[in-house]
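A.B. asks: Taken in order, the sequence shown gives residues -26 to -1, 1 to 500; the numbers are from mature numbering (1 follows the signal peptide of the UniProt record, and there is no 0).
In case anyone wonders, no lab produced these hints; they're calculated from the structure.
Not one of these hints is a red herring.
With a Cα cut of at most 27 Å, we get these calculated DSSO-like pairs of lysine-lysine: (1) 424 <-> 354; (2) 140 <-> 253; (3) 140 <-> 247; (4) 178 <-> 135; (5) 376 <-> 317; (6) 178 <-> 200; (7) 489 <-> 47; (8) 247 <-> 234; (9) 287 <-> 484; (10) 135 <-> 198; (11) 132 <-> 271.
Just so it is clear, the structure is predicted and the values come from calculations on it, not from any experiment.
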Amino acid sequence: MGVSLFQIPLFLLSLIIFGIFEHALAGTTRHYHFEIRHQNVTRLCHTKSMVTVNGQFPGPRIVAREGDRLLIKVTNHVSNNITIHWHGIRQLQSGWADGPAYVTQCPIQRGQSYVYNYTIVGQRGTLWWHAHISWLRSTLYGPLIILPKLNAQYPFAKPHKELKVKPGKIYLLRLINAALNDELFFSIANHTLTVVEADAVYVKPFATNTILITPGQTTNVLLKTKSHYPNATFLMTARPYASGLGTFDNTTVAGILQYKTPPNTHHSAASLKNLPLLKPILPALNDTSFATKFNNKLRSLASAQFPANVPQKVDTHFFFTVGLGTTPCPQNQTCQGPTNATKFAASVNNVSFIQPTTALLQTHFFGQSNGVYTADFPAKPLIPFNYTGTPPNNTMVSNGTKVVVLPFNTSVELVMQDTSILGAESHPLHLHGFNFFAVGQGFGNFDPNKDPANFNLLDPIERNTVGVPSGGWVAIRFLADNPGVWFMHCHLEVHTSWGLKMAWVVLDGKLPNQKLFPPPADLPKC
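Using the sequences provided together with the hints, build the complete structure.
C.D. replies: Put into structure tokens, the structure is as follows:
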């Protein structure tokens, strides 16, 4: 694709770009080995020791086809505890392979190995994998490319396969936001992008000069090159979209899109360097208007081959507030929170999640949940308030390891409401184990009497990570057809660490294919 990356500070490489269709090897079971090791990595003349997979940063690419089984053996050679999450994989009946620490498994300790064993069912496109413990996903992450079944057709123009960009061709770019805490705008100078997929789900194609992608999300776009050699090179840039009140890194990450020199021309290396370098114009750092308009363009393909199976009937309604709060500073300590006596916290329905010391899925499966978690997560705020207006005087959160229990095949509607406590802010919420449909969104407080009338139940975007608008709300629907324990959390790592997370327990159904399989023999122990 002719991409040259430069001026990227260490740990700030937030966009992984892939511009070719890879040929997966034949067969249905694919084996990978992840060796977790320290490695000296050099970027921009600075060398740093970091935790890596197989000594690579970013980590190795996994390529499979829809319907393949993956066996990925992870061996830990470092002192940090390790788990790996396969972000966006449905994990149907294979929740033991999902990866969030102390939710579906205990961590892999030093000297131990664990085989993540799962089958890709009904999914194709771009996903990714990353560590799911502490902040280790800052260096432990990589792409997970799911090719369609052999001989299956793409519902868009077939991309060209060359690595160097040629005039008059179509290329597929696979974009992954692996940033810890930054939503990102992305654009290529003087080129239009056609969005064709989000979170490994095909969408109605639409053209745009700039895309918005939150941490955890993936987006596939088609790039149609100029009809003739342009005698120029083009910057590809990404920089944060920030809607909160805090201090944000406004670093711009950049690469160069370069066209292959036409045959029978004589361009020296020096003359190529002298070509004009064109720069895209990105939205302003806090351009919520652009963010809203872009997200409103995302629609499911909703075709006969790729239907949008939106739940039309809802069994259970939930209303969750998501946002920041405070918690008392530990005794004899000074905290850097809103006051010296408090520190920052985050919560869902004012419950800041306390991470257990053993895995929730194990305790659920063996009926040993007493003392580990309680099934009383509130379906709505216990004390309603003007969520996006003047915040309440008491901003203290409660704490607990609480879950929602759902019978198998429950149809769920969940409205997630941002709050103004310590400042309104966009929150990218990721739900493990499911895709969901974002049927509506708006600003201000959700109105249950008026807003549902405007829900899109025909072709809403289907995805696994959605941004709750700053000072607004988003409504999602999903079918709880996957037994297990499923994490839901903000994909801004700082907010997750502060407690903006919770879990859903989906009970077994009656049929054999509706039950969680027993744990594998090598499941790590706490």
